[in-house]
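Just so you know, the protein sequences line up as chains C and E, in that order. In terms of numbering that gives the first Met the number 0, the first sequence has 108 at position 109, counting the first letter as 1, and numbering is strictly consecutive. In terms of numbering that gives the first Met the number 0, the second sequence has 15 at position 16, counting the first letter as 1, and numbering is strictly consecutive.
No lab work stands behind these hints: they were computed from the structure. Source: prediction; values computed, not measured. Incorrect hints may have been included.
To be verified - Which chain C residues face chain E? A few, computed with CB under 8 Å, are given here:
id : residue
1  : Leu50
2  : Gln106
3  : Ala147
What the hints assert, rightly or not - Computed list of lysine-lysine pairs in BS3-like fashion (alpha-carbon distance at most 25 Å, straight line):
id : chain 1 : residue 1 : chain 2 : residue 2
4  : C       : Lys74     : E       : Lys218
5  : E       : Lys316    : C       : Lys154
6  : E       : Lys5      : C       : Lys126
7  : C       : Lys126    : C       : Lys154
Where a beta carbon is used, it is the ideal one built from N, C-alpha and C, also for glycine.
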Amino acid sequence: MLQLEGLGKNFGGLPALDKVSFTLPQGRVTALIGPNGAGKSTLINCLTGILTPDQGSINFQGQNIVAWPAHAIAKLGIQRTFQNLRLFPRLSVLDNVLTGLICASRQSIFMAMLRLPSLRHEERNLKLRALEALDLFGLTDKAQWPAAILAYGDKKRVELARAIVSKPALLLLDEPVAGLNAQETRAVSEELQNLRRMGHTILVVEHDMDLVMTVADQVVVLDSGSLIAAGTPEQVQHNPLVLEAYLGRMEATA
Amino acid sequence: MTRQQKLFYFLSLHRTGLLVLCVSIGLLLFPLVENNPYTLGLTNLVAINALVVLGLNLFIGYAGQISLGHAAFFGLGAYGSAIATTTFHCSPWLAMILVAVCVALLALLIGIPLLRLSGHYLAMATLGLNYVVHNILLQWDEVTGGPSGFAGIPALTLGNFSLDTPIRRHYLLWCFVIITMLFCLNLVRSSAGRSLAALAGDELAAASLGVNIQVSKVKIFVLSAILASLAGSLFAHTFGYISPDTFNIFASVQFSIMVVIGGMGSIWGSLFGAGFLTLLPQWMDVFDTYKDFIHGGILVLVLMFLPQGLISGLTDKLRIYLALRRRNAAT
Numbered sequence: 000m001l002q003l004e005g006l007g008k009n010f011g012g013l014p015a016l017d018k019v020s021f022t023l024p025q026g027r028v029t030a031l032i033g034p035n036g037a038g039k040s041t042l043i044n045c046l047t048g049i050l051t052p053d054q055g056s057i058n059f060q061g062q063n064i065v066a067w068p069a070h071a072i073a074k075l076g077i078q079r080t081f082q083n084l085r086l087f088p089r090l091s092v093l094d095n096v097l098t099g100l101i102c103a104s105r106q107s108i109f110m111a112m113l114r115l116p117s118l119r120h121e122e123r124n125l126k127l128r129a130l131e132a133l134d135l136f137g138l139t140d141k142a143q144w145p146a147a148i149l150a151y152g153d154k155k156r157v158e159l160a161r162a163i164v165s166k167p168a169l170l171l172l173d174e175p176v177a178g179l180n181a182q183e184t185r186a187v188s189e190e191l192q193n194l195r196r197m198g199h200t201i202l203v204v205e206h207d208m209d210l211v212m213t214v215a216d217q218v219v220v221l222d223s224g225s226l227i228a229a230g231t232p233e234q235v236q237h238n239p240l241v242l243e244a245y246l247g248r249m250e251a252t253a
Numbered sequence: 000m001t002r003q004q005k006l007f008y009f010l011s012l013h014r015t016g017l018l019v020l021c022v023s024i025g026l027l028l029f030p031l032v033e034n035n036p037y038t039l040g041l042t043n044l045v046a047i048n049a050l051v052v053l054g055l056n057l058f059i060g061y062a063g064q065i066s067l068g069h070a071a072f073f074g075l076g077a078y079g080s081a082i083a084t085t086t087f088h089c090s091p092w093l094a095m096i097l098v099a100v101c102v103a104l105l106a107l108l109i110g111i112p113l114l115r116l117s118g119h120y121l122a123m124a125t126l127g128l129n130y131v132v133h134n135i136l137l138q139w140d141e142v143t144g145g146p147s148g149f150a151g152i153p154a155l156t157l158g159n160f161s162l163d164t165p166i167r168r169h170y171l172l173w174c175f176v177i178i179t180m181l182f183c184l185n186l187v188r189s190s191a192g193r194s195l196a197a198l199a200g201d202e203l204a205a206a207s208l209g210v211n212i213q214v215s216k217v218k219i220f221v222l223s224a225i226l227a228s229l230a231g232s233l234f235a236h237t238f239g240y241i242s243p244d245t246f247n248i249f250a251s252v253q254f255s256i257m258v259v260i261g262g263m264g265s266i267w268g269s270l271f272g273a274g275f276l277t278l279l280p281q282w283m284d285v286f287d288t289y290k291d292f293i294h295g296g297i298l299v300l301v302l303m304f305l306p307q308g309l310i311s312g313l314t315d316k317l318r319i320y321l322a323l324r325r326r327n328a329a330t
């Protein structure tokens, strides 16, 4: 589905990503973990075309998408959520989710101005799909609320709904439970497992280890821009390099 | 559902269409109530300004950009029509379309490099564009008539029916406004409109959702330039006389203030903004004398306290207040 080959990105000479290579298998959940500053968000930004990598290739469904603009990558069916929410506060919850279907619509500005019957038909379909996505996250009765007044947990859900509404080929989630309480985290964890059952291919960046252990099929670990481990959650959990990256060197206690 | 609920549902479902219908009927009957040519001249000016402001509001409010140069396109439309019909004896309708096409091409050509800028830089660049166009209109007197202006522009005709009285022009101009408004309302309630709203809200998020930011900005810039050009042509044919100072940078600033008063992204607000600022100096002489101070003051105050613009800022606040009250009542 997606292969990274020797991906590198420097910020002013400092390597944020250093020859990172791994593969995302179709229909699986891959968790990307690592301490703060390990380059996780940089990696997601490279994948979505917000940053351009300095070296390496990103192969998505047989195409090298390195240096593609963000909107072209989105059109291939790669959708994402953001670490710090990026909703449109003035739009309603429903309209926010509908923005996730921008790629699914073929309207041009001039067609939209004339509002031809074909367009009305398409609008109705888009709206039904958006309502379906809202239903999945239990947000149906808040559809007409302005997004600005939602509680933080609900905002995270709306962003998730916006990302999945187009049924993307690949879903990139940047810390979906950051800032949520234990109960909300459990709910999101269930929703992610739900999405996996529906066959989504997901890359999730997360600090919450319980969540990673429950939802991930595969874990890759970054530290200071380099890939230090990859494998099943159990393998990674007991990998000394990973423990070292998170907890510091063990020599003192050994 | 009871009959009352059904009625409310019908009203809320078709609120936009019904509102347009009410406004259209009001405008249809307006000349019966008020047939003073002076007043109609003013409301006709409101209509022309509203056309420019509707386009500019798509650009400022929906695409999230800034332009202090739309009077340039307005002026090019007016002078283009004037020269084509008077000097080259072209038919006014054909001239209007040809000029709009030329202005669209010009906007495309300028827009591609210009819209790589944003914020203050874009404001300065559009201001510069306006300055250049104003100077050309002022200095190239063999073609434009220079500072003394351009007179003798023919009125528009429909067949043998000349649109040469204020009442006839009233119907023509407001037809343009209502049709443009319908186009704009359709646009903002569509997927294409949502991608513009996304662009105005957050460029990075919009790009990640698949909006081609650069192309969208240029498209809306061209669209707003076309509307300004059409408004300019109508202005020339309505008043029969134009002079460069109608199209200087202060006119551009005034258009932007109309958008700000109406509110970012508010189609109805655009209409209000154009009406309010056009009529204000007529109600109070003080406003005419100290126009620039007062416009500046309004701009600063609105942007300080309601950055979304006066009307849409207030309606946003009201919407949030109502939604919060409903939420608190539900829990």
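Now for the hints, and whether the structure bears them out:
no., hint, result
1, Leu50, "violated (11 Å)"
2, Gln106, "holds (5 Å)"
3, Ala147, "holds (6 Å)"
4, Lys74(C) x Lys218(E), "holds (19 Å)"
5, Lys316(E) x Lys154(C), "holds (19 Å)"
6, Lys5(E) x Lys126(C), "holds (22 Å)"
7, Lys126(C) x Lys154(C), "holds (19 Å)"
The structure fails hint 1 only (numbered hints given earlier).
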